[in-house]
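For the protein sequence lines, the chains are H and V, in the order given.
Mapping of the first sequence onto our numbering: position 63 corresponds to residue 63, and the numbering continues sequentially without gaps.
Mapping of the second sequence onto our numbering: position 5 corresponds to residue 5, and the numbering continues sequentially without gaps.
Hints may contain errors.
Facing chain H, from chain V, some residues (calculated, C-beta under 8 angstroms) [to be verified]: (1) L64; (2) L149; (3) V156.
No wet-lab data here; the hints were simulated from the structure.
The model shown is predicted, which means the values in this text are computed figures rather than measured ones.
The C-beta atom is built at its ideal place from N, Cα and C for all residues, glycine as well.
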Amino acid sequence: MTTVEKAPPVSRRDVGLLRRPRATTGFASWITTVDHKKIGILYVCTALVFFVLGGVEALLIRLQLFGPNGTVLTAGQYNQMFTMHGTTMVFLVGMPIAIGLGNYFVPLQIGARDVAFPRINMFGYWVVLLGGIFMYSSFFLGGAPDGGWFGYTPLTSAPLDSGFLPGRGPDFWTMGLILLGIGSTTSAINFIVTCINMRCPGMSLLRMPVFTWMMLVIAFLTLFAIPPVTVALTMVFFDRNFGTLFFDPAAGGDPLLYQHLFWIFGHPEVYILILPGMGIVSETLPVFSRKPLFGYAIVVFSGIAIGFLGWGVWAHHMFVTGLGPVAISAFGLATMLIAIPTGVKIFNWLGTVWGGSVRLTTSMLFSLGFIAMFTIGGLSGVMHSVVPADTQQTDTYFVVAHFHYVLFGGLILALFAGFYYWYPKVFGRMLDERMGKLNFWTMFIGFNLTFAPMHLLGLWGQPRRTYRYDEGLGWEALNQLVTVGSFIIAFSVLVFIVNAVVSKSRGKVAGDDPWDGRTLEWSISSPPPEYNFAEIPEVHSRDDFWHRKYTEDDEGRLVPLPSGGAEAHAAAGHDGHGIHLPSPSYFPLVTALGLPILGYAAVFQNVWLALLGAVVLLYGIYAWAIEPAD
Amino acid sequence: MAIIEQTGTDVTAAPPSPPEQGHGHGGHGGPGPSAALTNPKLAMWLFLASDCLFFGAFISAYLLYRGREQDGPTPRELFDIPFTSATSFILLMSSLGMVLALAAIQRGDHRRFRLWIMATALFGATFVAGQIFEFTEFYRKGLSLDTNLFGSSFFVLTGFHGAHVCMGILWLLSLWGMSMQGRLGPEKAESVEIAGLYWHFVDVVWIVIFTVIYLMPQPGT
Ligand code: HEM
Ligand SMILES: [Cu+2]
């Protein structure tokens with residue numbers, strides 16, 4: 001940055017209350033950066049740390065269930081483990097990784113130099129990090145949340161002195177989720193404005209890469225899904241702490257209202273988690289099959305259709321609450337309908353691979369693994385939509401198996417496909433393919449050993465969220481297998497971490513376009529320069545970068561274009577002098593710091609803390625407002 | 001709440017200047033992007049859309065619980081419709097002030113802008129004062145958060161709306177202060193427009209809340 005800008009008049013730069021940060025390297029630069037690429041890296045690394053934490057919780061759960069009448073955890077600790085595991089994986093792993101990858105690659109894919117609001121972008125990251133720390137601090141401040149990841153009322157809303165859920169856990173949970181919701185709302189707004197306003201010339205909506213499209217769809221889902229849950233959580237907090245009666249049946253309150261509000265958020269939320277994964281494989285499958293995505297428009301429109309239909313199915317999480325036959329039939333049918341756009345996508349991916357010249361790189365293996373595992377998870381999902389069947393399956397390990405097939409087999413495998421695909425772009429070096437294959441196969445086998453037997457355990461009646469089981473129910477062998485499987489997954493994650501760390505300095509140098517890519521991010525150097533594009537590109541077709549490299553002869557065979565390719569493009573650019581970029585800032589951090597302080601104030605009902613939080617927040621906002629944006 | 005402060009302020013902060021200067025996005029405005037709305041304005045509209053659902057959920061809860069109070073005072077015993085209508089009218093009038101303030105700043109007329117923006121903020125403050133008076137009145141007559149479902153849903157819904165108004169007042173006063181310091185040049189007229197969007201939204205939401213809470217026939221009438 002400093003090399004890029006001419007020294008600006010000091011008076012304008014130092015208008016803010018703190019000196020304007022200038023560092024472009026080292027620790028300070030990461031704290032104050034507004035570069036979407038650095039923020040993307042921060043998101044992914046932070047989420048990986050939480051992935052390990054959530055994984056450790058899962059392993060503790062599995063150790064406890066290894067044999068009958070386990071003694072590793074007490075009942076109370078077990079409740080904290082599954083609650084924090086679920087909450088972590090959904091809000092601190094799934095969402096932030098997707099937002100991180102989106103942060104890095106959406107601007108690159110649409111030919112922009114940054115997102116629409118660089119400072120709000122950084123603010124969103126700080127909120128996620130601080131929100132996560134806030135929630136995990138509950139372990140040291142009187143006990144972690146223990147009401148399950150959907151925190152049903154009246155359990156979670158019963159007043160503190162009622163003796164249900166003693167301790168501050170549920171309050172940390174409600175406040176923490178409200179904080180994280182603020183962060184995701186700001187990033188959603190940022191993504192939408194970026195996708196709508198910042199596309200490079202020629203990048204019409206129907207030329208946008210599918211990954212970017214899916215990020216746009218989930219941004220809309222986030223925008224509209226967060227408010228209902230924020231309201232529900234607020235009511236829970238008020239019920240527990242200020243004596244309101246929203247969910248108190250004795251006073252006429254309706255606990256089902258909570259379930260409705262939660263799942264109006266919760267079902268779109270699962271699409272918020274899975275659509276980025278679908279976007280990633282829609283990038284990798286064409287590249288590693290050397291074919292354009294089969295039915296691009298259909299894939300995009302079914303993504304949008306899933307986004308819309310996702311609003312009309314929430315009550316399939318409530319089939320056993322007594323909604324009445326009409327309601328459950330309607331919601332069951334609507335749920336079955338979603339299988340259609342989803343199935344369409346699966347066939348499009350298969351059609352992409354079919355007849356292509358397939359390269360079985362690690363990324364491709366993860367992508368293919370995604371299709372297979374996600375299909376299994378989708379099929380057991382359709383089973384849930386059949387109400388009588390669901391009545392048997394609900395709250396058993398069958399459900400646990402189902403959602404891990406979609407969340408782990410779907411989302412996590414796709415994210416790993418994305419890691420192997422994009423790592424070379426981010427760090428300029430390839431991840432090691434041999435370790436990658438080991439990573440894939442251990443994860444694939446470990447995953448199936450862990451979760452496939454849960455289908456059977458569930459059908460045999462093992463209830464979820466139950467800290468031990470008796471001997472002689474016939475569940476011992478499979479539970480042991482499941483626990484072994486989970487440790488194989490842990491090993492696999494370890495392999496990945498080693499691979500990522502080692503390859504960063506010792507990996508094969510990647511070059512600009514190691515996979516023979518199709519989208520704009522491959523047209524610039526690896527890692528990309530701070531300003532992304534020396535000249536803003538102009539695109540003329542979908543997969544424009546591919547068409548700059550190849551044309552087809554009369555028989556439809558690919559012919560490389562002599563003048564195409566990254567080299568020619570890079571050479572045409574200049575050295576980036578004079579490109580003006582937004583300046584770093586402290587205030588996203590200052591502003592974000594105010595939020596967890598207010599959170600602690602609410603949890604411990606401390607007025608002084610509340611004042612402090614408000615002062616920090618207001619100071620941050622005002623300083624931010626008078627600091628020039630660039 | 002902080003959602004509001006956040007987005008709100010950044011909108012003031014982000015320059016309304018065209019994106020190519022504002023954030024260094026050269027080559028903007030080709031055939032691809034629709035420049036129908038500038039970044040900050042689009043962001044504000046999106047935030048308001050999201051906020052609609054926030055109030056929508058609270059209003060739904062209020063509607064669900066109407067007439068379910070088991071003991072304590074009921075709405076019919078508490079409401080003073082003429083009084084609340086008067087303060088509501090004042091809030092509506094503040095929107096007019098906002099329109100005039102925006103027109104003034106767009107003409108570059110800072111004196112009138114400051115006059116109208118201050119008037120708008122004062123009208124808003126009058127509304128909030130009325131609300132505080134009403135809350136204490138109700139409390140005196142025995143209604144609090146934990147009295148019955150009406151108390152819970154009434155105070156929380158109108159309380160969050162009041163907080164939105166307070167946030168708006170702060171924002172308007174900040175604009176007034178910026179104008180006093182000469183920091184609100186004509187290129188910043190858009191930040192006034194965006195504050196206006198927020199302010200009108202909060203007004204419109206009040207019309208809905210007022211209708212639902214005070215005007216709809218009370219259950220059992
Ligand atoms: C290391 C791999 C994983 C293992 C071994 C594992 C294991 C488990 C187990 C055994 C449960 C059920 C606990 C119970 O009901 O008593 C559970 C619950 C859950 N898991 Fe995982 N899991 C893993 C990864 C994931 C991932 C990647 C996600 C999401 C992205 C996830 C999301 C959830 C959720 C939402 C729950 C429900 C928590 C609740 O009941 O409140 N898990 N997990
Ligand atoms: Cu669902």
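Against the structure, the hints:
1. Using the Cβ-Cβ criterion of 8 angstroms, the hint placing V:L64 at the interface with chain H is satisfied: the shortest such distance is roughly 6 angstroms.
2. Of the supplied interface hints, the one on V:L149 holds, with its beta-carbon coming within about 5 angstroms of a beta-carbon of chain H, less than 8 angstroms.
3. Interface hint status for V:V156: upheld, as the beta-carbon distance to the closest one in chain H is roughly 6 angstroms, under 8 angstroms.
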